[in-house]
Amino acid sequence: MRTAQPGLLQTVLAPIVFGVAVILLWQGLVTGLAIKAFILPAPFAIGAEFAGNLNNVAGGMTVTGRNSLIGLVIGAVLGIALAIVAALARLLDEMAAPIVAALSVVPIVALAPVLYTMFGAGAETARQLVAALAVFVPVYFNTLKGLRQVRPVHRDLMRAYAVTSWQATRAVTLPTALPFVFTGLRIASSLAVISALIAEYFGGPVGGLGKSITSAASSSNYGLAWAYVLGSIILGLAFYCAALIVEKLVTRRSGG
Amino acid sequence: MTDTLNVPGGDVPGGDVPGGDVPAVDVPAVNVHGVSRIFAAGKGPGVTALDDVSLDVAPGEFVSLIGPSGCGKSTLLRLIADLDVPTSGSIEVFGKPARQARIDQDYGIAFQQAGLLPWRTVAGNIELPLELHGVGKAARRGRAAELIALVGLSDFAAHYPDQLSGGMQQRVAIARALAESPSLLLMDEPFGALDEMTRERMQNELVRICAETQAAVVFVTHSIPEAVFLSNRVVVLEPRPGRIRSIVGVGLGDMSGRGEDLREDEGFFRSLSEVRDLLHGDPDSSGTGLPTGVVPKTGARGVETR
Ligand SMILES: Nc1ncnc2c1ncn2[C@@H]1O[C@H](COP(=O)(O)OP(=O)(O)O)[C@@H](O)[C@H]1O
Ligand SMILES: [Mg+2]
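Line order of the protein sequences matches chains A and B. For the first sequence, the working numbering puts the final residue at 256, and the numbers step up evenly by one. For the second sequence, the working numbering puts the final residue at 1306, and the numbers step up evenly by one.
Check each hint, because a few of them may be wrong.
To be verified - Partial list, computed: chain B residues near chain A (C-beta under 10 Å): (1) F1111; (2) P1129; (3) L1132.
Think of the hints as simulated: they come from the structure by calculation, not from any bench. All C-beta atoms in this analysis are idealised placements derived from N, C-alpha and C, irrespective of residue type, glycine included.
With these hints in hand, go ahead and build the complete structure from the sequences.
Okay, structure coming up:
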């Protein structure tokens, strides 16, 4: 049974009221205590920079967002496909497990400099691959876990129906795994943005949010740097919320 | 596929025999011959779930398996369904090896857990076997609608399993088992999780459905009244190792004549106490079919004697 949804007023209004209160407090503290801009700029100043440089921030969001999205798609497709193969072939699963486990502990952004030399510093490829690798790990593990959740009674049912293993996979195994896949994708969605953004710090072409933050900060334009940070937050939230909504839609019927 | 889509008990040319391939009259629906099933248990000698069990079920006959937990009822049902294979002995369903009967879809099955697919509606769940076996969309829809009406869930066709009570889910599972008009129904404690009132209502419905479909039924239960009310014969099993202790012919008449008032019938109570005495392992009373009038001192484990 699903729990009752809290009212629209509660889910939307409460965070807004809270957010406005925090911003007002922040503004009050910065002006009241005369905090220097390089330590913490006032929110209204950041807002003004954000509005004044809307095109630049939006451009940065587009570049980083595009890299994240491409990485998300590549990583998700590979993660899901390899998990299906691993679930079907036990030997492959045993061979892949240590490799994927190793991948999951390597700080993947550390690969960025290596990838820049491989693909050239003028291309976005390295950033997309970093994002793809970051996405791959949680998607692979969650999908594999999901593929193993088939209930014994459903397995018996499929055997009683004498269907082929592909029919059983489509009728029962994949739908059972789906909520797990989308949980993996939700975790991966914010990782994709963070990884693509941080990969920019290690080289590659300008234009993305990561490069813009560093260049604005190094030219002492703290308000602008924070405006780009704000853009990053919005981008990450957009990815996360999109994945969350899809997950909620898919998970609706996974109980019982 | 078309002839498996007839309305249960509908006016099929050629009459009252359900299913596509009509078994010859003298071929039993189920023939279990000298079957043993030993589950390997690590280094130990293993668990003998069934030991040299033989049993015939006639076409259209309703046979219940009863006995304390762990006496091998589910194991026997799973062997008939070819969800498991015997260690020794043979099982034939309509004269074919159990494996072939499963591949030919000669039986429908319902488990203790309804086992519905939560992402499919009631109609979608009932259509599942038809869909997997390549029945066209229109035929599937029609058949599902008939079955939903049969189990009295017409208002819930578009509901999902998590919106239904346990009893309703079980009715969907039974409708799903009936979808391809099997000549044999295998049911493993399908009403086990239901409250007493729902359970009696479901039993009445099952009697009605069986009268309509003419299917043979192998029904696992641990409730004595349920076994006696539903069955032509009650097979009493004993545990460790799982063996048939005795088979009680109930003789309460034709399925179509069974109604609620049967529960008050004298024959019903006589069979009830006969099965009860057998379960409590009193060898003197077995076979006489007469009530002893003695209240049993202890109940066999896992068996409801109410
Ligand atoms: N898959 C299995 N592996 C090992 N032992 C099993 C298995 N299935 C059943 N058994 C054992 O076989 C015996 C009979 O089980 P079961 O047929 O489920 O009994 P019932 O349905 O009558 O309660 C029990 O002792 C049980 O522990
Ligand atoms: Mg059982």
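We went through each hint and held it up to the structure:
1. Look at F1111 of chain B: its Cβ gets to within about 5 Å of chain A, closer than 10 Å, so that hint holds up.
2. With a least beta-carbon distance of about 6 Å to chain A, the hint placing P1129 of chain B at the interface is held under the 10 Å criterion.
3. This hint holds: L1132 of chain B has a C-beta 5 Å from the nearest C-beta of chain A, less than the 10 Å allowed.
The earlier numbered hints are all upheld by this structure, with none contradicted.
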